[in-house]
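Here is what each chain is made of, one letter per residue.
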Amino acid sequence: MSVELPMPLSKAPGPSDSPPGHACGSCAVFNVANLERLGVNTASSDFVIALAGNPNTGKSTVFNALTGLRQHVGNWPGTTVVRAEGAFRHQGAAYKVVDLPGTYSLLSSSSDEHAACDFLLFGDPDVTVVVVDATRLERNLNLVLQILQITNRVVIALNLMDEAQRHGISIDTRHLSRELGVPVVPTSARKGRGIPELLEAIAQVAQGRTALKARTTARLAPVVERSVSTLAGQLSAEFPGLANSRWVALRLLEGDPSTERAVRDGSLGDVDRQHSARQRALEAAERTAS
Amino acid sequence: MSAPRILESATRLRAELPRGFADDVVASIYDDAERIVRHSVTSDSKRARLGMDQVLDRALTHRVWGFVVMGVLFYGVFWFTIVGAALPSDLLYTLLVDKGHSSLRGLFVDLGAAPWMTGLLIDGVYLGTVWVVAVMLPPMAIFFPLFTLLEDFGYLPRVAFNLDRVFAKSGAHGNQSLTMMMGYGCNAAGVTATRIIDSPRERLIATITNNFSICNGRWPTLILMGTIFVGTLVPAPLAGLVAAGAVVAVAVLGIVTTLLVSWVLSRTVLRGETSVYTLELPPYRRPQVWRTIYISLVDRTLKVLRRALVMAAPAGAVIWLISNVTVSGPSLAAHLVRAMDPLGMTLGLNGIILLAYLVAIPANEIIIPTILMLTMTLGPLQYGVQGGVMLDLPEAQAGTVLIQAGGWTLLTAINLMLFSMLHNPCSTTVLTIWKETGSLKWTATATFLPLALAFAVTATTASVARLAGWV
Amino acid sequence: MNLDELPRDGRAVVTRLDSTGADRRRLMDLGVLPGIVVRAARISPLGDPTAYLVRGSMIALRRSQARGIHVEPCAEEA
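Going down the list, the protein sequences come from chains Z, H and D. Residue 750 in the working numbering sits at position 105 of the first sequence, with consecutive numbering throughout. Residue 701 in the working numbering sits at position 98 of the second sequence, with consecutive numbering throughout. Residue 64 in the working numbering sits at position 59 of the third sequence, with consecutive numbering throughout.
Okay, chain Z solo, but in the shape it has when bound (with noise of 0.2 Å):
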């Protein structure tokens, strides 16, 4: 059995304010320390998944669907407080999946937020799935869009079809792709449908075989548009690593205290470049082969 083995690019990795993505395939990095700290252990895993989404989703169907766990699933905002981790293999790649709170936004004060918006940001996912209500896209596409300013590795899970059918909702989810840059699949965990083209999509954007493309962010005014492009370059050249500089410069200028407090004590810099995508594929390819 052979395995397609992405090819590298020419473009070395390195310090980046634009935003993220732009050099995605190569400059995935795998974040070994931060999610030790963060209470995962990554030593049976090639890729980390994050699942994040709104309450009453179906987030929880869709952890269950994808890593087969037995897990409760409620239909009230809020059940989905504490953290739940589950694996899954697939064509020969072992992934762990990560359960976020549910959350309406990551810029709130509330604990779940603060959890959420860390593990994404310092836990650094190969790929973070958010789950997407169909039938209130307005409302759960402001989490997306903040997520996008974190990380462009991302895959939308657009759950609950069935009800949108129900109530005569249709989607576009080849425009809805474009627009978000990423890629955008249509499931209905309830049913089992869709879920093995979210694994594949899982896959191809944990393995860098997909081409993210950069999404323009929200347009800001400009006089704070400066501000934040000025700070992220201070950011950029203090962190190299850091690839969502203009997140974190955004949250510095809002004052948050829990990102003031990571600059502080220099966390933010704990990114550590061990590993590329590309060399787990090609360790995981190996596994199989042997």
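A few of these clues could be false.
[As the list claims (entries may be wrong)] Coverage of chain H stretches by chain Z, computed from C-beta distances (three or more under 8 Å per stretch; other residues unrestricted):
no., segment
1, 609 to 615
2, 619 to 626
3, 637 to 646
4, 726 to 735
5, 876 to 886
To be clear, the hints were calculated from the coordinates, so they are not data collected in a lab. Given the structure is predicted, the values throughout are model-derived calculations rather than measurements. Don't be surprised by glycine CBs; every beta carbon is placed ideally from N, CA and C.
Put chains H and D on the given structure of chain Z with help from the hints.
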């Protein structure tokens, strides 16, 4: 640029920015979202979308019907649990307790095991374990799937919506109505459910007061008391209704206690800011009935089995030991009963009841069997019942034993119901509280505050009843 | 007028948010922003809170929260 200088730079830049710029950032994200949705989503009939949901909501949050439906649904859940569990419980009891116990006993005797070992392991450990399994497994296996189905359907947020004002006025978090309801199945589950309350202060209030939700393990005690002592006060046709009414009254009292204690806590030791509370009413969704039932069933079964092994087994051993270990003549149990009788009398109960509650901290469901056994072995009348072996009796017989041998009165029964509702949580719940709060201080509070309340209330009713000459 | 004065089934456009801090953040996260149309959908049988339709979702807000939201009522959609 070093870290401190970056922070300085941020502060400087921030000063130059317009004051509401953070709002603008959020607004711009939503503008983006709106634009994307406008181009990607087409909605067929916006009205039809909300049609069914609107009809349901109109009924379920109606000024009158909302509460009627709530009452009917929850009464229905309890009724279904009790009735549905009766047959499986009987079957399990016959299999594990009647047949299992005597078979195992016979086996041990045949093998020539020492009487104390047979007693300790079979009459104590084995009996305690299977008793809990037989009594608890069927009700839990029915209550939780039903509750989960309601949750999956989307009904529970509506309950929180209906009851919010009452809880807000009591200084409690809006979601406490939901954790309270969960406690009616099992208090440990209710405590775990408090995770949905974000603020630690309000979460503690919900945790401490969860005990006043009458868990599945305490219903048998209440139902028995209601049937034997309260139902018999009225003519036979009404007996069942009145007995049920007594149980409901105690349950309602539990809710009142929850609100009162929440109110007191939120104004004294757990004072603080009301946290930001938003309740979303999700669309109603057809629950995946079989899958939910299956998962809930398996989950609950495992939990009951584990609890039976970890908590009830040692409790069974302790019960056998205190009844069979003698200290200069009488058994340890007899000594303890005599020591606790004065306190028991003050509370309108007796020493046997208090001893039973002491040894049955792990499991409320073995209270009545233990009381019966102790009454029949330590009381004035001879029944030929073995010490340390829990037993069950049909209601009428149980009533006779308690009244004749135990000297129970209506006061005893009522105070037992009150004590059962108010007293400290079972050991599984205490352990859960400790795990969830990580605080010895609050775990102790959650354990001893209800006990103190139980003492206070029963002592008061006993004194009032005696002073008024009713007893 | 303030949102808590909006009668049931009434529709209005949000003009200003008075609340500050975490309250404000949470409202904005849920999409309650100036320019958005909200509808008072259902009132709790005990009088408080009221469920508002915001961007397709039903959010229950207590009177104290709704009071800090300024709105401009608009006519019923045909």
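Status of each hint after checking the structure:
| no. | hint | verdict |
| --- | --- | --- |
| 1 | 609 to 615 | holds (count 4) |
| 2 | 619 to 626 | holds (count 5) |
| 3 | 637 to 646 | holds (count 8) |
| 4 | 726 to 735 | violated (count 0) |
| 5 | 876 to 886 | holds (count 5) |
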